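**Student:** These are the residues of each chain, in order.
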Amino acid sequence: MNVLLIIIFAITLIYLSMTERFPIYAGLIGFQGALLFVLSFIELHAITPVTLIFVALETLVFKVIIVPFLLFRIISKTGEARVHDKAMPGFYSLLFVTLGLLLSIVVSFSMNTSPANMIYFIVAFFAVYTGLFMIISHKKIFSHLVGFLVIENAVLLLSLAIGSEMPMLINIGILLDIFVSVLILGIFVMRLKQSAHELTMLKDD
Amino acid sequence: MGFLLAIVTALFFPGIILRVKSIASGRKGPGIMQPWKNILVLIRKESVFSTTTSYISRIAPAVYLSTVICALLLLPFPGMPSWLGFDGDFVLFAYLLALGKFLFILGALDTGSSFEGMGANREALYSMLAEPAFFILFGTLALLTGQTSMDQIFGSFQFSGHNSFIIGFIAVYLLVQIAMIENSRMPVDDPKTHLELTMIHEVMILDHSGFDLALIHVGTALKFAMYGLLIANFLIPVDAGQVLMNNEYLTINIGSGIKNYIGKEWMAVIQIGIYFFVQIIFAAMIGVLESFRARKKLVRNPQFIVTLSSIAVVAFILVLLITFKMIG
Amino acid sequence: MESTILLIPFILSFFILVMPTGMRYFYTLGVAVFLILVTSVPATEALLHPANAPRSFIAGGSLGSITFTVDSLTAFFILITNFTVLTGLLYSNGYLSSYRTTKTPAQFALHYFSYVWLHISMLCVLMLREGTAFLIAWELMAVSSFMLILFEAEKRTTLKTAVNYLIQMHVGLVLLIIGFLLVEAATGQFGFDGLQSYFAGYANAPLFFLFFAGFAVKAGFIPFHTWLPEAHPAAPSHVSGVMSGVMIKMGIFGVVRVLTFVQYDAYIVGIIIMILATLTGLYGIMMSIVQTDLKKLLAYSTIENVGIIGMGIGLGTIGIGSDNPALTILGFGGGLFHVLNHSLFKSLLFYCAGSVYKATHTRNIDLLGGLIHKMPRTASLFLFGSMAICALPPLNGFISEILIYYGLFAGMQVNSVFQTMSMLLTIMSLALIGGLALFGFSKAFGLAFLGLPRSEIHVDDNAVSHGMLFPKLLIASIILFTGLAPMFLLAPLLGMIGSQFHLDSGQVILPLIHVLSKISLTGVILILVVFAILILRRKVLKPEKVSHGPTWGCGYTAGNARQQYTATSFSANFAELANPVIAKQIEYTDIHEEEILPGGRTFEVKHEDVFNRTLNKITGYSMLVLKKIARLQTGNIQHYIMYAFIFILIIFVLLYLNVL
Amino acid sequence: MNESGYILVGFFVISFLAGIVVGLVHNKPLARILTVAYVVIHIAFSAYGWLHLGETVLDYFTFDPLGVLLLSILSVLTITTVYHGFIYVKDEEPRVYAIYHAVLIALVAAMSGAYLANGMTTVWIFVEATTLAVAALIYHDRTPMALEATWKYVFVCSVGIALAYLGILFLGFTVHDARLLHLSFDNITEIAGMANPLYLKIAFVFVLVGYSTKMGLFPMHTVTVDAHTVSPPPISAFISTTLMNVGFLAIFRIYALFSATSILTFMNHVLILSGILSLLVSAGYMLKAKHNKRMLAYSSLENMGIVAIALGVGGIGYYAAILHIVLHSFTKAGLFYQMGQSYKVMGTYKLDESGNYMARYPAGATALLLGFLCITAIPPSGMFISELYLMKAMVGSGNYLLLAITALLLCFVLYALLTRVLHIVYSRPREKPLHELHKVNPWQSTSQYILFGMVIFICFAQPEPFRQLIESIIQALPK
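Residue numbers (our numbering), protein chains in the order written: chain R, 1 to 205; chain E, 1 to 328; chain V, 1 to 660; chain S, 1 to 479.
Honestly, the hints are just simulated from the structure, not real lab data. Wrong hints could be hidden among the right ones.
A short list of chain V residues far from chain R (calculated; beta carbon distances all over 12 Å) [to be verified]:
(1) 57
(2) 104
(3) 581
DEER-style ranges, computed between Cβ atoms [to be verified]:
(4) E:317 x V:511: 26 to 32 Å
(5) V:12 x S:398: 41 to 47 Å
(6) V:99 x S:453: 25 to 31 Å
Partner residues aside, some chain R positions facing chain V, computed with beta carbon under 8 Å [to be verified]:
(7) 110
(8) 144
(9) 203
Because the structure is a prediction, the values reported are computed rather than measured. All residues carry an ideal CB built from backbone N, CA and C; glycine is no exception.
Isolated chain R, as found in the complex (with noise of 0.2 Å):
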């Protein structure tokens, strides 16, 4: 069960890094944030239920509704759904991504971990490996805080992978959402149009 689930995760990875619509991202984020939430109530079942309901809680409110929420609310503030200025074509993006997925790959077996863990290790590799990329890829920032959503969700599917023996690391690993809604505001705060590449009043080469 939880591997298809995973399955799906990486699945809706792909898809993000191809599609160049915005509403679809914050679509699959909360799709992704739905899977974490069922995915803790499957793995999560050794652990204290006070803790399963926060994180479960923290996963559906947070991840699920609000932060789609939020990007729903910013593209329909900008009015601009799609991404017009990406810094290489789809197809190039989907080759490095499925390159990612088999360097996950090979880096998870060269890890020889235990065979329960090796479906985490290479779908959160290649979430990071895929988070990373969009926001290299991208120029919008909104497309960059779509970036570090998926790394987020990387993190909380491998801390996942573990939570059943420490579920400390589950909650702390929560923390990171202050990140996003401090980023979200951040957003806000800049009136939304900027796009990355007009942000570099601050260089020198």
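Add chains E, V and S to chain R, keeping to what the hints say.
**Tutor:** Frame of chain R; chains E, V and S shown alone:
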């Protein structure tokens, strides 16, 4: 001893040169003592100083002369060591002359005339270029004889073996040439030239007059005698009998020929005789050279002077081969 | 107790910064004199009894203590340093008086503070044996002199020079550090004491040349000399005097100090030093001749003299290598004696140049001339110094050079073709250097002081105060004394060398005494003869017989001062000969035929230091490369993330390939 | 919960309250009084830390030597920073004034927590806190440029911190044991031995890269440089000293953890690589820096590179690293304060517009020169000692190539800094009209002199307790 002899020589040295030149050019020419008469005249004459000049040009001739005198004091005469001689005295010898030249040049520059500047510049350049030749020559001799003071060098320099003839010849040749340069005669400079632009020595003394000029002339005469003495030191055997005994080649040596008949006590006399002979030959040779040889182009002079160094190096290599027993 | 006295001036020096303007100079003088007294006393006795074991003063308190060690070698240098620093300080008051209007008191305070600290650091360099302390003192010396150079920092060239200077000093420091560290890695001792055991156990030449390079930067051996001809002119003249007189000698001191420990392959070391020194001397004097800036000329002649000193040291080292005590003593004796002499006449010359600059506000010989009429005393002193530096008898320069000659001739009498050849070549070069020096200084003096002014320079008559004259006279008298009675100073020096290299200097000194006495005798005779002739001249040349007129222009009557020989033209024919070595550049724009009425033209001849040019090329190129590397700060946030991304990827790849 | 536990909690509670009060009550005098009081408390707190050296508190915190050392450095720099902060925000309206100080208090508290944290996760939490706090301070000027800098800082830092957390998670995988819930240091040392080295390597890489944002090390040094450009000088002083110490501490701790394991050489290589790259980049940038504060920022990058190399070389290099961190904190802080004053005097940070500082403000100019000597490790700077030790370590371990490269790059850095500092101090650019120039009271430079004085003091004498302290910090590391 050498000092006195040199003084004596200096008295008629310039005269001989003049005389030879005039004879060579088919004139009767002045008497031998004519140059000294001129000098005496100069001493009595009053002198004019340029308003540009300072005390430098006043003292320059005096220093020039006195350095020559001191340098003379360093020179030995065969058989009898010089009064002031010591190990490495030829360094002092060279540097004393350098001192004289230094002030001489400054004296010329003191007048602020561009001609004299020119002359001073050339003088400085040529003497600078001539230094190494002198030092290589004496280095060579020092290596050959294992001595570093002049009287010992000359004392132990024997005409033994044909190599030493070559060396002796080269040494004498070099000394003659260096003497020419130092006294700015042919072929680097021509005292009789008429265009200031091409003069070296003569242009430097343009503004010296009267007593100072006399001093300079005396100095020049002494300098000639000094180099003559230096050369003579080569050719005069310290002890002709010694020479005869330990070498069979030496048949042309005048000293040895006479040695068979007369006793040692005449040695000194013979040596002095040879000395004057050499001096006269030297002077005459200069005269002949100057009358039959043209001055080099000024641009050629450095090249010519450096050639002396290379010749000296040849002598050195020869000595190397001898000292390290690579040849006879 | 004695030890703590050493530290008192260190503390006292800080009050220079807060002294009121009136008091400052005299307070500084007081501190310096105190320092001089405190150090000279032990130095003198150490020098007089070289056989004694080196004396150590342990100063400091609970926080840690420093050990100052005074042995005979140190003592010799201490005395030289003290003297020159004192004269410089005496001279500075008059020299800096003209800056009172333009400089703030803060700058004066900083200047004198740095001056005292230059003195302190030099003494520390001499007296400290422990590595860290020595290195700190070494760099303090560089920093304080750097601050001194910056006194006229409003000039752009001064800034560039200062930067250049500090960087090169730093490079030298790094070399020294590495040298000491290697010693420590091998022996566990950080400092000079470790060298003993290191040289006993390991290859000597490589480490020695590491140290040599480090010290050579300070001493100004080619190719490490490039800072020197820039820094000396940039600094105020008393500072130039001290820098050229004693500071660069610290490099020599370091070399000698290291040499005292060398045990194997001293022979080849000596040969290499000798070759390097010969080249240094020749290059220095050749560049010196073609300079038109008076102080730059002197700076290059400093390089030449370092070369001569180096010849002596190389000769001595060869002596060590071939177990020839005579060579060792003569070589080091000549070299170190020349250190003393050079510190004397070079400081004298720099002070004179400073007086000229103060009076005329220019150092360009092409503009000067006829100064001997306006400032006769300075002129005479400059002439005196030039004669000394040209090694003309009867002055001191000649003594040190004849020692070296003497050693070279002695070194020729050996059973090795190679050595004989090299000796002869060195003799030849030394002779050539002598001739060139004569050329250069006849130009320097003859054109700057004689003739007529070559431009409308206004000579400030009362620029040179008695306060500025006194130190020069002091130096001059010592030069004369050293020239006429060298044995007084030479005997302890040779004894010192003997004790440093564990030789019996006796059998060398005895013949030397004979030689030197003869030389002195000649000198005396020379002087007497000169005076005799002059007196005679006065007798003969009655005033009524003397008349004055213009210089004989060889028939050309309209001659003027502009037509005199200039420094450039004086060295022109030499420059032609030596062109390959001294890169000659002519800056002149040709007249095109479309110019019907050609405008004004300037014609400038410049000689660039070849080494400097190459150095600049290299550094400039590497800086270009570095700037090319620095393209990361694009201001584009994606790139920032990308660096991390790529970094991680690379690490992973290397990990996978088991490289890391 | 023992006495020191109360003290610790008390400290954080006080910080929290002080922050809240100052932030909510917009009243300048009150803010000033409270801040000063807080500084005093902080000093007292670090004094307490000295008294209870090596004590573990509530097993989330510990007064271990390194932590306490950095904590006391923080207290010292807090005094000066607060002092210069008062001068800097003197004329702001009360709200800004209050917020500034509130956030400052929060920042100090967060950094103190990070120093004392006893566990990867704890450190991580506090690092996150520092990021948020400092972001607010960077944004203090409210200019578009400040906004941009803040955004970049926050964004890159969050990515970095996320990566660091990944590293921690891998660590967690090596510790399949609920016994060691929080990855406490004293626990991990024995566990690290039995862990799978590859995990540790990957964990180390992620943590290093993640915290390189804070330590200002390559590859994520970029945003701190931008932050320096816009943030108020006192804050810049904090960012490039105490905040960098936080990053250093985090990296040093994990390094210390793993140093017992087989991956030591791997870590050394990575550190050296990162350090050399930092040196290279900083050298290149300083050669073309046109902005005084950015120049100093790059010099921080350079010094952190030196520290990283020192760690990587090991041996006495550890000692050098710690010493260098300490001295760099004092020196760089002083230089940034000086830059603030130079801005007041010259009205610009642009290099080609600034100049003639010596004539305009001698005390400051002298301080600047002194600071220059200190930062470039030229005696009498204490950093000379640390770099000497570094070279010693290199020679000891036979890294001659590394030594050559480092020395060469340092020479270029020296050249760059020297030319620029001399330009600021001496050169004469087109003068601004006098009314634009503020006079600065020379006594304001006193703090710099004191800081540099401490650095210089270290050059001549290292007090025995100080030496022992550093020894005790590095004793766990392999010799």
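**Student:** Need the list of violated hint numbers for this structure, in ascending order.
**Tutor:** none
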